[in-house]
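**Q** The lines below spell out each chain.
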Amino acid sequence: MRIGVVTFPGSLDDGDARRAVRRCGGEDVALWHNDPDLRRVDAVILPGGFSYGDYLRCGAIARFSPVMRSIVAAAGTGLPVLGICNGFQILCEAHLLPGALVRNAHLHFRNRDQLLRVESTDSAWTSRFSVGQELLIPVKNGEGRYVADQATLDELEAGGRIVARYLNGNPNGSQRDIAAIRNEAGNVVGIMPHPEHAVEALTGPSTDGAGFFTSVLAHLSAGATT
Amino acid sequence: MARVVVDVMLKPEILDPAGQAVANALPTLGLTGVESVRIGKRVEIEFAGDADLDRAREIADKLLANPVIEDFTLHVEDGRA
Chain Y
2 MRIGVVTFPG SLDDGDARRA VRRCGGEDVA LWHNDPDLRR VDAVILPGGF
52 SYGDYLRCGA IARFSPVMRS IVAAAGTGLP VLGICNGFQI LCEAHLLPGA
102 LVRNAHLHFR NRDQLLRVES TDSAWTSRFS VGQELLIPVK NGEGRYVADQ
152 ATLDELEAGG RIVARYLNGN PNGSQRDIAA IRNEAGNVVG IMPHPEHAVE
202 ALTGPSTDGA GFFTSVLAHL SAGATT
Chain G
3 MARVVVDVML KPEILDPAGQ AVANALPTLG LTGVESVRIG KRVEIEFAGD
53 ADLDRAREIA DKLLANPVIE DFTLHVEDGR A
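Sequence order for the protein chains is Y and G.
Under our numbering, think of the first position of the first sequence as 2, with each following residue one higher.
Under our numbering, think of the first position of the second sequence as 3, with each following residue one higher.
Calculated from the structure, these hints are not laboratory results.
None of these values were measured; they are calculated from a predicted model.
Mixed in with the good hints there might be a few duds.
As the list claims (entries may be wrong) - Here chain Y is said to cover these stretches of chain G; the calculated rule only asks that three of the stretch's residues, wherever they fall, bring their Cβ under 8 angstroms from a Cβ of chain Y:
no.	segment
1	30-36
2	46-56
Claimed, not checked - Not everything, but these chain Y residues come out facing chain G in the computed CB check (under 8 angstroms):
no.	residue
3	Arg-58
4	Ala-61
5	Glu-94
6	Gly-100
7	Ala-101
8	Val-103
9	Arg-104
10	Ala-106
11	His-107
12	Leu-108
13	Val-119
What the hints assert, rightly or not - Simulated restraints on C-beta separations:
no.	chain 1	residue 1	chain 2	residue 2	range
14	Y	Ala-74	G	Thr-75	49 to 59 angstroms
15	Y	Gly-170	G	Pro-14	40 to 50 angstroms
16	Y	Gln-151	G	Ala-23	53 to 63 angstroms
17	G	Ala-23	Y	Ser-222	18 to 28 angstroms
18	Y	Glu-185	G	Pro-14	46 to 56 angstroms
19	G	Gly-42	Y	Gly-54	40 to 50 angstroms
Yeah, the Cβ is synthetic: ideal placement off N, Cα and C, and Gly gets one too.
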């Protein structure tokens, strides 16, 4: 299965995301912000970092890049897309996910190993987890506070679209402790913490992050055999 | 040339911790009586010809402001130095 990882100017975690894909059994494919060609990938990851310097707002400029036009169109027809950190911000700016991510309430950049609770397994990226499962995954952001109006938050809750919440302390002031959400169809997921940094014991606090990548590979294999 | 100024502000219901930090710093400067501070962005758009408010509004709506969290106002600036 071919998993594309987009590199924007200012991406930081594209290398780790590609490595995580490889470690979990997928074929990683480099995608470039200025090239609309998705290279026949089966899924796409938008990695963490500071695309286009985070100028104007995080993700605001990246949203208009040629590769994003292709990704928005493909996501509409079911392509699995995972946005991590800056990638989550880009997905919100591109209106693939509702809400927005703004400056941490305490203004500090927060970098720590964070406990999460899985809230939804009905997505292409979380099917291998179980609801209520706890994950230890690094979080590192300055603008990770998820905000949306109350009606949108209620809709996310009612639809089971909150994918993960922060446990043992909210690192950025996110509304309703939201760490990850999904779209209605479940193919698009945005997550603020970094599962790609938690796929091997040598460098991560756990290997809990691997589940996101093995989930999408299982999802794609299931699709291929039906 | 004509200039349109776009002011972008966080919506009132969105917490502005940067503004709060500024407000909290004021008493240490001996500057009292301020109830709150909110921080926004000012964007100046120069048009080659006449000011095109409709075009400026489109630019603000599509890119300069995120309507989920921000409001914007715009006006033509006269009498450029």
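**Q** Each hint needs a verdict: does it hold in this structure or not?
**A** Right, here's what the structure says about each hint:
no.	hint	result
1	30-36	violated (count 0)
2	46-56	violated (count 0)
3	Arg-58	6 angstroms, holds
4	Ala-61	7 angstroms, holds
5	Glu-94	7 angstroms, holds
6	Gly-100	6 angstroms, holds
7	Ala-101	5 angstroms, holds
8	Val-103	6 angstroms, holds
9	Arg-104	6 angstroms, holds
10	Ala-106	5 angstroms, holds
11	His-107	7 angstroms, holds
12	Leu-108	5 angstroms, holds
13	Val-119	26 angstroms, violated
14	Ala-74(Y) with Thr-75(G): 49 to 59 angstroms	33 angstroms, violated
15	Gly-170(Y) with Pro-14(G): 40 to 50 angstroms	28 angstroms, violated
16	Gln-151(Y) with Ala-23(G): 53 to 63 angstroms	26 angstroms, violated
17	Ala-23(G) with Ser-222(Y): 18 to 28 angstroms	49 angstroms, violated
18	Glu-185(Y) with Pro-14(G): 46 to 56 angstroms	29 angstroms, violated
19	Gly-42(G) with Gly-54(Y): 40 to 50 angstroms	20 angstroms, violated
Of the numbered hints stated above, those contradicted by the structure are hints 1, 2, 13, 14, 15, 16, 17, 18, 19, listed in ascending order.
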